[in-house]
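Trainee: Sequence:
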Amino acid sequence: MAALLTAEDVAAQLQMTKAGVWSETRAGRFPAVRCGRSYRYRQQDVEAWIETNVTGALPTRGRP
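Under the UniProt record's numbering, the first residue of the sequence shown carries the number 1, and numbering increases by one thereafter.
Keep in mind that the hints were calculated from the coordinates and are not lab data.
Not one of these hints is a red herring.
Quick list of simulated restraints, FRET-style, between CB atoms:
1. R42 with Q15: 13 to 21 Å
2. K18 with R63: 40 to 48 Å
3. R61 with V33: 40 to 48 Å
4. P31 with T55: 12 to 20 Å
5. V33 with G62: 40 to 48 Å
Nothing here was measured: the structure is a model prediction, and the numbers come from that model.
Here a beta-carbon is modelled for each residue, glycine too, at the ideal position from N, C-alpha and C.
Produce the complete structure using the sequences and hints provided.
Mentor: And the structure:
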């Protein structure tokens, strides 16, 4: 069985706040496993979420 991550672990990986991770989880936009009263996150779910939701930097426009 894969190790489960805390919201703090996920926030550090994604460079966002714990509150942001919890907000996305409660809204149903981020996959989580409920463990009692807390949420835990599987590493493979986090990686899959990154692949589908994180986009690269937008191309910059050069001078005309």
